Amino acid sequence: MVSSSLRIHELCKRYGDFVALAPTSLDVARGEFLTLLGPSGSGKTTLLSLIAGLAHPDEGRILIDDADVTHSPAYDRDIGVVFQNYALFPHMTIEDNIAFPLKMRKVADTEARRRTAEALETVRLPHVAKRYPRELSGGQQQRIALARCIVYRPAIILMDEPLGALDKKLRDQMQLEIKRIHRELGTTIVYVTHDQEEAMTMSDRICLMNAGAIEQIGTPQDLYFRPRSVFVADFLGESNLLSATVRGVDSDGLDVVLAAQAAPSRAVGNGSIFAAGEPIKVMVRPQNLVVGDAGGGDQLAGRLSGRLLDVMISGSLTRLYIAPETAGMPQLVAAHPTRSGAAPYEIGQLLSLGWHATDAVAISDGKGI
Amino acid sequence: MAAPRAIQRNLAWTRAAMGAPLVLLLVLFLVYPVGQLLLLSVYGESGFTLAQYRQLFASSVYLDVLLITLKISLVTTLICVVTGYPIAYLISVVDKKRKTTLLFWVLLSFWTSFLVRAFAWIVLLGRNGVINKLLISLGIISSPASLLYNFGSVLVGMVNALLPLAVLTMLAVMENIDRTLPRAAATLGARPGMAFWKIYFPLSLPGVAAAGIMVFVTAIGFFIVPALLGGRRETMITQLIIDQVQQTMNWGFAGAISVLLLFVVFIVFAAYDRLLGLSTMTGAAAPRNATPSRLSGPLQKAGDALLTLLGAISDRILRLLPSRRRDRNPDQAGMGLQAFVWIMLLIISAPTILMIPLSFGTGGLNWPPQGFTLHWYETVLSSPLWTQAMLRSLLVGVGTGLLAMLIGTPAAFLLVRSDIRGKAAWLAFILSPIVVPRMIIAVGLFYVFARMGLVGSAFGLILGHTVVAVPYVVMTMMAVLRSYDTRLDHAAQSLGARPIATLRYVTFPILGAGMMSSFLFAFATSFDELTIALFATGGLNATLPKQFWDEVTLQVSPAIAAVSTCLFVFMGLLIFVAERLRRRAAAR
Numbered sequence: 001m002v003s004s005s006l007r008i009h010e011l012c013k014r015y016g017d018f019v020a021l022a023p024t025s026l027d028v029a030r031g032e033f034l035t036l037l038g039p040s041g042s043g044k045t046t047l048l049s050l051i052a053g054l055a056h057p058d059e060g061r062i063l064i065d066d067a068d069v070t071h072s073p074a075y076d077r078d079i080g081v082v083f084q085n086y087a088l089f090p091h092m093t094i095e096d097n098i099a100f101p102l103k104m105r106k107v108a109d110t111e112a113r114r115r116t117a118e119a120l121e122t123v124r125l126p127h128v129a130k131r132y133p134r135e136l137s138g139g140q141q142q143r144i145a146l147a148r149c150i151v152y153r154p155a156i157i158l159m160d161e162p163l164g165a166l167d168k169k170l171r172d173q174m175q176l177e178i179k180r181i182h183r184e185l186g187t188t189i190v191y192v193t194h195d196q197e198e199a200m201t202m203s204d205r206i207c208l209m210n211a212g213a214i215e216q217i218g219t220p221q222d223l224y225f226r227p228r229s230v231f232v233a234d235f236l237g238e239s240n241l242l243s244a245t246v247r248g249v250d251s252d253g254l255d256v257v258l259a260a261q262a263a264p265s266r267a268v269g270n271g272s273i274f275a276a277g278e279p280i281k282v283m284v285r286p287q288n289l290v291v292g293d294a295g296g297g298d299q300l301a302g303r304l305s306g307r308l309l310d311v312m313i314s315g316s317l318t319r320l321y322i323a324p325e326t327a328g329m330p331q332l333v334a335a336h337p338t339r340s341g342a343a344p345y346e347i348g349q350l351l352s353l354g355w356h357a358t359d360a361v362a363i364s365d366g367k368g369i
Numbered sequence: 001m002a003a004p005r006a007i008q009r010n011l012a013w014t015r016a017a018m019g020a021p022l023v024l025l026l027v028l029f030l031v032y033p034v035g036q037l038l039l040l041s042v043y044g045e046s047g048f049t050l051a052q053y054r055q056l057f058a059s060s061v062y063l064d065v066l067l068i069t070l071k072i073s074l075v076t077t078l079i080c081v082v083t084g085y086p087i088a089y090l091i092s093v094v095d096k097k098r099k100t101t102l103l104f105w106v107l108l109s110f111w112t113s114f115l116v117r118a119f120a121w122i123v124l125l126g127r128n129g130v131i132n133k134l135l136i137s138l139g140i141i142s143s144p145a146s147l148l149y150n151f152g153s154v155l156v157g158m159v160n161a162l163l164p165l166a167v168l169t170m171l172a173v174m175e176n177i178d179r180t181l182p183r184a185a186a187t188l189g190a191r192p193g194m195a196f197w198k199i200y201f202p203l204s205l206p207g208v209a210a211a212g213i214m215v216f217v218t219a220i221g222f223f224i225v226p227a228l229l230g231g232r233r234e235t236m237i238t239q240l241i242i243d244q245v246q247q248t249m250n251w252g253f254a255g256a257i258s259v260l261l262l263f264v265v266f267i268v269f270a271a272y273d274r275l276l277g278l279s280t281m282t283g284a285a286a287p288r289n290a291t292p293s294r295l296s297g298p299l300q301k302a303g304d305a306l307l308t309l310l311g312a313i314s315d316r317i318l319r320l321l322p323s324r325r326r327d328r329n330p331d332q333a334g335m336g337l338q339a340f341v342w343i344m345l346l347i348i349s350a351p352t353i354l355m356i357p358l359s360f361g362t363g364g365l366n367w368p369p370q371g372f373t374l375h376w377y378e379t380v381l382s383s384p385l386w387t388q389a390m391l392r393s394l395l396v397g398v399g400t401g402l403l404a405m406l407i408g409t410p411a412a413f414l415l416v417r418s419d420i421r422g423k424a425a426w427l428a429f430i431l432s433p434i435v436v437p438r439m440i441i442a443v444g445l446f447y448v449f450a451r452m453g454l455v456g457s458a459f460g461l462i463l464g465h466t467v468v469a470v471p472y473v474v475m476t477m478m479a480v481l482r483s484y485d486t487r488l489d490h491a492a493q494s495l496g497a498r499p500i501a502t503l504r505y506v507t508f509p510i511l512g513a514g515m516m517s518s519f520l521f522a523f524a525t526s527f528d529e530l531t532i533a534l535f536a537t538g539g540l541n542a543t544l545p546k547q548f549w550d551e552v553t554l555q556v557s558p559a560i561a562a563v564s565t566c567l568f569v570f571m572g573l574l575i576f577v578a579e580r581l582r583r584r585a586a587a588r
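If you read the protein sequences in the order shown, they are chains V and A. Residues 1 to 369 in this note's numbering are what the first sequence spells out, letter by letter. Residues 1 to 588 in this note's numbering are what the second sequence spells out, letter by letter.
This is chain V alone, in the form it adopts within the complex (with noise of 0.2 Å):
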């Protein structure tokens, strides 16, 4: 298997004033499936374009398998590169197009040739070798630059958005084929995206990026579940993100109190970056949020109580929208599967909302950690 490792070290590039890129330092090991996810403008694609040379960087370096590359040209870095918008030359057809990186890297002719048509057979489109990239759908050009980018194995794969034209049926057959293709290949992929349901779906581990720097990396059940920051919490999927103080700190987890209550409560997180005292704030996921008629779950950590506001069926799962009865706390979310048959709650029904302590998660409230 052709795969390398990718060590990026106070990587930074600026523009003028504006910060593309904050100090970054990041190790993605070989063969692994890394994704950098993040808003528009988080530096997510300033530090794809590093990686592959199209930008230079103002400090820092960045090694493949230990070999310095910070100043090497793009066409020396041994790199794949997947466009977002395929980049796929418009005067050659779909055979050139594939066969250009061997031509560039002077393979014999019958040897290109071979591997092409088995790149075509990668990506299952073996019958357009001759055709032109305009003749192609979205989703057949987005397969084409796939096999443009394996056909001469290069050791790591950079995509940048790739499914991002593609509608959502599209995407998500895409997405399985890529993840086909890595592992078949074994290839280390960084791959980049603003759609958390794909990175969620895709990853060994999501870098998430913020502002030009990194909010927080891990695997995706690191950051669903164990948010460090309110921003990821929020990034990740829906949260109710409730504000607490807390009381006290043990090996297990937190004491806290929600805010406008007095019992306290659990909440797990790292107990050696809390102290006692300080602001934070209390993370349940809406599947975690366990609602009943008023009364009833006496296991349960956290309670509270709320009007149901609205409640919206959307596929496999349904929300309910419902606000505390606690003043100026904010509107609340839970969901479960859908189940057929009426809705057992009425609108205005006053219910009663708890949690497992394993569910709540605390959070520092701020940005730094």
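Don't read these hints as lab results, they were simulated from the structure. Don't take every hint at face value.
Claimed, not checked - Selected chain A positions facing chain V (Cβ under 7 Å, derived; list incomplete):
#, residue
1, A491
2, G496
3, P509
To be verified - Residues on chain A that point at chain V, a partial pick, calculated with CB under 7 Å:
#, residue
4, R487
5, L488
6, H490
7, Q493
8, S494
9, L495
10, A497
11, R498
12, V506
13, I510
Values in this document were obtained by computation on a predicted structure and should not be read as measured data. Backbone N, C-alpha and C fix where the C-beta goes; we use that ideal spot for every residue, glycine too.
Based on these hints, arrange chain A on the given structure of chain V.
The following block gives chain A in isolation, referenced to the frame of chain V:
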């Protein structure tokens, strides 16, 4: 860190190398010669003097010429813009196939030499020309009227010469107007007249203004039409400059007239800039959020009211027409508009086409043509003067095309791809050869070439023609580069292509058609250029236009009709080939 700095330094050198040739060319063969000429106007044998200007304003002769020049230019501009507008509009709305046809006739006329077209009008308006014969046969007049050498004939020639320019300039803007906007206006309750005057027309106004100034500035520097079609009273200012240089070698006075001409052009541009902003001319497209004009306050309100009135009147008239129009496709142009456009295209193309039968006739240039002979073609082809002029024009044209591409393409890359400071100023400088009246450049170059021993040499002529052709190359290449997706270059690099390989396999093949068309543009500009050739050939080694000019000012003979026909066919072929190339590139 050392490495990035080295990259930066490298970049600075590359940039300098890309821009320097063009800057050098313009400084040496535009700024310096024109500056010299202007200097000569205030610098006599005994040092600084205003004698030339005293002479200029001593009598009313020169001011009268200036007034005539302004009058002819202004009327020409008005007619060109007003009649060109519907033509450009129709071309911008019809389907692709008919657009190609319409555009072909406009382009053919645009590229047919000014000389050929002016000559055609001489024949057409002559005592035994088509018009007189037609009027007599219709019984409107009994004996031939003298239609030539008056204000009317100059105007006809000028409009014919500059209408294609007006159409093409307005078309560039109209093609970028969102076609859904008038439709949106219709869904919002605007009748067709109101939708046109309140929505479409204001959006097309930058094109109208650009066409107006281009035509006016070109007209003011014209001499071919007034010299060939005008009488004594239609002398224009550039003719005075030619007289001063060719007959009396009075450089100082020629310089003083040039200053006057430049001054007028400058005022026109300053007024344009104040009213509309110069950026509307050079910018690819006006920024979406920019206000379309700087007219403000009461003037704007008055303009708005006028447009509303025009809209209301048009709708009133439309309602009077039979109601069958209601069910036609709103995108389809009306019969009236189509008829008008075809009549205008006929008027601008017909004179040259009528040359063809006359060039094969035995009855001289009298209408109708009689008999059939190849005599005139034999005369031309056996004359070394003509054949050498043809070869020289080809040589100079190809040389100009190559040099302009070589110098202009890197500069276009620089202007589009890099973030150099003062881009607008650089662009204005590069485009200045179009703005400065050609005659002033020509006289200045003549003076400088004379001292460098370049008069009469093909190389000198190529340099001079490159100066006036290079702005077109830069503009065309900039447009081509703007539409080029740089990610393709990045893709090539990421796939392992070195810079040279990227240029060779990706950039140039994709830009090929655009490069070919800008080469043809430069070639055609040189091939048709008379003003610089008039002086820089120094009486020997004439180019085709120079030879044509010498002959036509001497006598009007059927041999010239034969040359006109050859030129017409040659240009037609060139446009055809260019169009084929463009279409083949677009099909990929």
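(request) List, from low to high, the hint numbers that the structure doesn't satisfy. (result) Violated hints: none at all, because every hint is consistent with the structure.
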